[in-house]
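S.K.: Each chain is listed here by its residues.
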Amino acid sequence: MTDTVPRTLGRPPLALVLPAAVAAGLLVIPLVTLVLDTPWRNFVDELGTGAVRDALGITAFASAITVVACVLLGTPLAWLLARVDFPGRSLLRAAVAVPLVLPPVVAGVALVTALGRNGLIGSVLRDTTGVTLPYTMTAVVIAHTFVSMPFYVLSVEGALRASGDRYDVVAATLGATRWTTFRRVTLPLAMPGLMAGAALAWARSLGEFGATITFAGNYPGTTQTMPSLIYTTLQSRPEVARTLSMILLVVSIAILAALRNRWLTTP
Amino acid sequence: MADDPVTTRGNGLSATVHVDDRLDAELNADAGAVVAVIGPNGAGKTTLLRALAGLVPMTGSIEVDGWSWTRPVRLVRDRNVGLVFQDQLLFPHLDAVDNVAFGLRARGTSRAESDATARDWLARFGIADLADRRPAQLSGGQAQRVAIARALAPAPSLLLLDEPFAGLDVGVATALRIELARHLASYDGVTLLVTHDALDALTLADAVLVVDEGRVAQYGSPQDVAARPRTAHVARLVGLNVIREDDRFRSFRPSAVTVSLGRPEGSARNQWHGTVLSAVTHGDAVRLLVAAGPQLIADVTPAATVELGLVPGREVWVSVKETAIQTYA
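Protein chains in written order, with the numbering used here: chain A, 21 to 287; chain B, 3 to 331.
Hints listed in this document are in silico derivations from the structure and should not be mistaken for laboratory results.
Only a predicted model underlies this, so the values are computations on that prediction, with no experimental measurement involved.
Take the hints with a grain of salt, since some may be wrong.
[Said to hold, decoys possible] If we take Cβ atoms under 10 Å as the criterion, some of the chain B residues that face chain A in the derived model are: (1) Val78; (2) Phe93; (3) Arg109; (4) Arg152.
Glycine residues also receive a C-beta, built at the ideal position from the N, C-alpha and C atoms.
Next up, chain A with everything else stripped away, as it sits in the complex (with noise of 0.2 Å):
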């Protein structure tokens, strides 16, 4: 090994030091807190109560149905925007970038003003289907999906638009319409982007709260998630809502494991 630090240039600063190890501490204490103070006898009951198996079955199944939806929808959204040219395109993009931003909350709040029983389509749906949507395991992958797949069109609208569309006039001049090209050229080339989207997708799921619980509510079997059961719980047993809490980060830190080799690497 040799040393990357070229130590004659001197001690580093204590200007910069000090709010380096005020930050690291902010990320890293409440972490490892939540790793020690986990009754860990507790772990697997827990894993075995009824309400928290329905919490992880509903938190698994929607979140798995949620990365479908974004692939099978977002997909084609992800290359409408990276490769046809029509009016409106950036204004359509800067729409699909929003939800990122969108506090969650203000995310359900939108949800229910659209398709809620009184909202715009929700009561014409509701008139002339009898079906209403809140509170139902739909609305929990509606309300996953919203938030979701912008994470997921982000990534994949980057990956084609840096695998670029030189691929997909060679595949024109060989005679293959679009959806070949599509399938046979721009897709492969830019599943790595796919890939990554996907995963950033199903993590933002798996934590998605403040819009579930107010579109979708919070009942347990139906509509109760982990991180909606973590809630409830904190309130009247907390060191449950820990042990559900270091479930889901184990999760999340397999997913940043899984990740890890594709680009949070530093160069």
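Chain A is already provided as a structure; the job is to place chain B on it using the hints.
M.R.: Relative to chain A, chain B alone:
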């Protein structure tokens, strides 16, 4: 007439291409012809190829084998062109055989049949053993062979080669040039070959299209273009001096040029005063490039180079006998 494919089919290429601010060119070529497109960088050679393929907006008309590609405008994928790009652009995620089979499968040929045809093409280029390699595992010459095979496999009616030997080692380029000549001889569509090399034009082509500043400067047989060049660019490529005088061109060989330090006697029309720009060995002689109004090349003996001190920056007179000058319209 031209819109009736039955009476005109098999006539090759007939095109009038106008690309805003870039190109104004007219071109006719018989089926089976190989047309070398030469000209300086930025002259519009690649633009011509891309316009024919439908990749840049143009006005004018293109007819291939009696079919119009411009009325109505045909999509790129329906033009049946084979385009070989300067940087090959092989699909990086497909192996060689899938790259070559791509055009056949895209046009609806079954997987097995496309695969067999593609392997056949790789064999014709002597790279059957590389069928399962990805482009990243191919050398420049191998990749260019795959790219040419990929363009030829779907039997295009127009083959467009954009500097296919650029960036290859000299030996590799020579071998590929010979192979390509063989394939082009048995290819019955029209081929356009953009090149910077006079050798390509002379060895591969039936006709040479000289493009200069977005216009066709000359179109004729390789022998005719080489013997009577109309642009300084081509003159330099074939090693001639060419001077434009009103509507006529006057050309002469570098070996016919006399270099002296003092003003020579004789007709003032055929003598120029200028500065030596460069002096390089050229066979047994030293080839000077002299900025004398027109840039002229002159071959002198190494002895004369030393004697007259012909180094870059030296002011000299160059002259040529009237009898050594070829004049043509």
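S.K.: For the hint on Arg152 of chain B, just tell me whether its beta-carbon gets within less than 10 Å of chain A.
M.R.: holds (7 Å)
S.K.: Would the hint on Arg109 of chain B be counted as holding, given a Cβ-Cβ threshold of 10 Å to chain A?
M.R.: Nearest chain A Cβ about 4 Å off; hint holds.
S.K.: Does the nearest C-beta of chain A fall within a distance shorter than 10 Å of the C-beta of Val78 of chain B?
M.R.: holds (4 Å)
S.K.: Does the interface hint hold: is Phe93 of chain B within less than 10 Å of chain A, judged Cβ to Cβ?
M.R.: At about 6 Å, which falls below the 10 Å cut-off, the nearest Cβ of chain A leaves the hint on Phe93 of chain B intact, so it holds.
Hint compliance for this structure: every hint is met.
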